[in-house]
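From first to last, the protein sequence lines are chains A, B and C. By numbering that gives the first Met the number 0, the letter at position 190 of the first sequence is numbered 189, and the numbering carries on one by one without gaps. By numbering that gives the first Met the number 0, the letter at position 62 of the second sequence is numbered 61, and the numbering carries on one by one without gaps. By numbering that gives the first Met the number 0, the letter at position 63 of the third sequence is numbered 62, and the numbering carries on one by one without gaps.
Any given hint might turn out to be false.
Far from chain B by the CB rule (all over 12 Å, computed), these chain A residues [what the hints assert, rightly or not]:
#1 Ile9
#2 Leu96
#3 Ile111
#4 Thr126
#5 Tyr133
#6 Thr153
#7 Cys197
#8 Leu266
#9 Leu274
#10 Ser279
Simulated restraints on C-beta separations [unchecked claim]:
#11 C/Gln177 x B/Thr67: 35 to 45 Å
#12 B/Thr102 x A/Ile5: 25 to 35 Å
#13 C/Ala222 x A/Ala171: 37 to 47 Å
#14 C/Thr258 x A/Trp131: 34 to 44 Å
#15 A/Arg311 x B/Arg20: 42 to 52 Å
#16 C/Met166 x A/Ala309: 40 to 50 Å
#17 C/Ser263 x B/Gln152: 53 to 63 Å
#18 B/Gln152 x C/Gln177: 22 to 32 Å
I should point out that these hints are in silico values taken from the structure, not numbers from a laboratory. Backbone N, C-alpha and C define an ideal beta-carbon position, used for all residues, glycine too.
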Amino acid sequence: MSRSSIRFWIGAALFLTAVVLMTQLIRNEYPFFAGYVILQFIVLAVAWSILGGYAGYVNFGTSAFFGVGVYTAVFLFKATGAPLAVQIAAAAIVGALLGFAVGLVTLRMQGIYFSIATIAMTIIIETTVTNWRYVGGAAGIQLQRPPVMPPFDTYVQMLFFVQALLVVLTVAIARYMQISWMGRGLQALKDDELAAECTGVPTLRLKVTACVISGALMCAAGAPAAMYLQYAEPSSAFNLNYSVSVLAMSLIGGTAHWIGPVLGAILLGTTQQLLTVSISSEVNVLVLGVMLVLFVVVAPEGIIGLIRKAGRKRAGDRA
Amino acid sequence: MMPPGGPDRAPVLRISALTKRFGGFIALDNVSVDIHPGERFGLIGPNGSGKTTLINCISGAFRTEAGTVVFAGEDITPLAPHIRTRRGIARSFQIPRPFKSMTVAENLMVALDFASVGGDFIPAAQRRDTVMSILTQMGLASKADLSTLGLSQVELRKMELARAMATHPKLLISDEAMAGLSSSEVDEVLDLLIKLAGQGITIIMIEHIMQAVMRFSERVMCLDAGKIIAIGAPAEVMANQRVQEAYLGT
Amino acid sequence: MDLLLDAVVLGTLLGCFYAAVSLGLSVSFGLLDVPHVAHPAFLVLASYGVFFLNDRFDIDPLLAGLLITPLLFLFGLVAYRLYYETFEKRGSDAGVRGIAFFFGIAFIIEVLIILQFGVDQRSVTASYIGKAWRIGDMRIPIRLLVAFAVAAAMTILLSLYLSRTFMGRAIRAVAQDQEALRLMGANPVWIKQWAFGIATAVLGTAGALLIIVAPVDPILDRAYIGRTFCVVVMAGLGSMTGTLLAAIILGVAETIVLTLFGASWAPAISFAMLLGVLAVRPQGLFGRRS
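Whenever a hint applies, use it, and build me the whole structure from the sequences.
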């Protein structure tokens, strides 16, 4: 293993250890409730940027995949009482299949048509689930949490740890894709798809692969949400805000490197949590809109881009 | 100058009855031509005559309404562009299309990563050497680790050709690589293409600069409004009355 | 059978209304290629403007729509200049960030409306709202007939503008080949800015129709992203009469599904049709441009 990989895995191990320690030492429930949401957004943002960032196919499908993850978990739990691990694994498989189907249909379209097509797919999927009586339809469905296992005292603490595991998994996968030949191929097709195709890059296959992996991870992130809320309802599970928030997080953080969406998710996710609690959910949406506009206009490469520019400037000053 | 392959050598590229339409507009009309292995083939014609369309059909960027493209004995008409590249067809673009977020060396790395699948697999350690040797051949070695954004026009054109060469092609198509260059830059690129031809690669060159076409080509084909109006030795084609009319107007 | 006939008639009228609210997008997205997902948000903003004038000063909604038209025109000029300076000038990556930009704008507008007017639904009063016309067994709401008449007028006017006036033809030209225009000495950016101004100005009347046909609320724009883009893409970008025809198809399809399967499937209709058109015939049903 290369030196940077060793550093990465040590960091991941430290992160998970810190999470477990938190669950053992902190008595108050609130940090776990808020922390869960932020970890969930990290998973969603990193997963999104596999297709949206590396390949440059800006999609609005996050809400669809997240919602499908929620409802896969709901369906399995209601039908078979399946444990959380199975719900998540099943959601990942459903997400992969959905990513494949969506990918084949939409990835042949370019630019804005692709983006609009992903909005279309999201609404169609949401409408279909809204009409599915078994999982509650438009009114939603209530869920009862199963008893929690040691070493965790509360269910939310366990969910917090589970989501932390998903963070490590998602970041590891995104990092691998980024530094591998797949990452170079995606970067080439993002820069110039026709030139990439004529240089031997199998663009459709790579795009669909990115869509499958991205979809599987986003669905997996949605599965625990059903237990987190103990309630599922189509208009909130499939809310377009997820798509736009996650898009904003990746744009704000920067899409060239996996650390970008992580930073963006932490920054925007924390801001949203603070605002919703202290002021109102409308201001939340306003901040989302303003930050999106601001970063897209002023700092198109996100925070990573700003850091890189500052680094280049300092190097230039020294030279 | 090497004589073209005789009639008993199979053509490396056989285009038969190729037709391409855009809505009501016929861009290529029943075009048929054989290109021989190792040949230096010039393609000329006024603007809009279908030269780049023909290249797009050969490289797979366009699907055709009728006709076939057979490369090295295989019918590649249904194949996607990236597969044709792996079979050995490479092209440069009229307006250079570098991968802007990468360095010059990384641009060529993409070709080594993807175009040498199945054929000549190059182990990772050797890739840097392979890239550097191609860049040295093209006179771009000093620019290897620089971003493509800083390259001059002629350097961009050479990088296009370098990246095409990195796919290890049997057939290289150069689309107006010399357009807009100064006469010494034109000579630079022309010498490069002649050197590549000397390595046994079949080259189709689209150009408007007639001296370059004359110096380079063993055979020249002239298109006008999607049809072939002349094909043969350069001097013959240039002297052809229909060719002169096409360029100057009647 | 009667039910189906009802659905077709009402759907046609509804479709004309959809055309009215989509005409602006046919210009801004269809002709100018601006990824204007905030178009429905501008529409809702206009309808709140109409509400304000109707509620405060008792002005007839259609008249109110006409009154705010010049304001909207100026707003459109400014908005396009902002978009152009930020995105089109800088080139390739623009489309992708442009759509994110307009989503941000849409969200900001949504919240500003909530902060000013609250989240509740708002409606207007006028003599033609609430009454219906009886033909045989059918009951046709007068306000839909009003929408039909106004939409037809708007389509004809806009179509004539684009084909008969100098500026209109310049707009058509810039959509096809702005380099040629530049070589002829015209300034394509100014022409596009003017066109975007017109596309926004049209929303004055369209916004009035929106609040006449049904009450509005701040997040209504989300329901119309699908409908407006579906209509514009189906129409074939840039065709005004195509917009009218495509909108009627959508209106009829939605109403039939509503009648046969209920309201819960309605949101998906426009998007399903949009997806279908994008996948199968991206140049639209009636348009010439690809």
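Each hint, compared with the structure:
1. Ile9: With a cut-off of 12 Å, A/Ile9 remains clear of chain B, as the shortest Cβ separation is near 25 Å.
2. Leu96: Non-interface label on A/Leu96 holds, nearest chain B Cβ at 24 Å vs cutoff 12 Å.
3. Ile111: holds (21 Å)
4. Thr126: holds (35 Å)
5. Tyr133: holds (42 Å)
6. Thr153: Answer for A/Thr153: holds, closest chain B Cβ roughly 46 Å.
7. Cys197: violated (5 Å)
8. Leu266: At about 24 Å from chain B, A/Leu266 clears the 12 Å cut-off, so the statement holds.
9. Leu274: holds (35 Å)
10. Ser279: holds (40 Å)
11. C/Gln177 x B/Thr67: 35 to 45 Å: holds (38 Å)
12. B/Thr102 x A/Ile5: 25 to 35 Å: holds (26 Å)
13. C/Ala222 x A/Ala171: 37 to 47 Å: holds (40 Å)
14. C/Thr258 x A/Trp131: 34 to 44 Å: violated (22 Å)
15. A/Arg311 x B/Arg20: 42 to 52 Å: holds (49 Å)
16. C/Met166 x A/Ala309: 40 to 50 Å: Once the Cβ atoms are compared, 46 Å apart, the range 40 to 50 Å for A/Ala309 and C/Met166 holds.
17. C/Ser263 x B/Gln152: 53 to 63 Å: At 59 Å between Cβs, range holds.
18. B/Gln152 x C/Gln177: 22 to 32 Å: holds (24 Å)
Against the hints set out earlier in the document, violations occur for numbers 7, 14.
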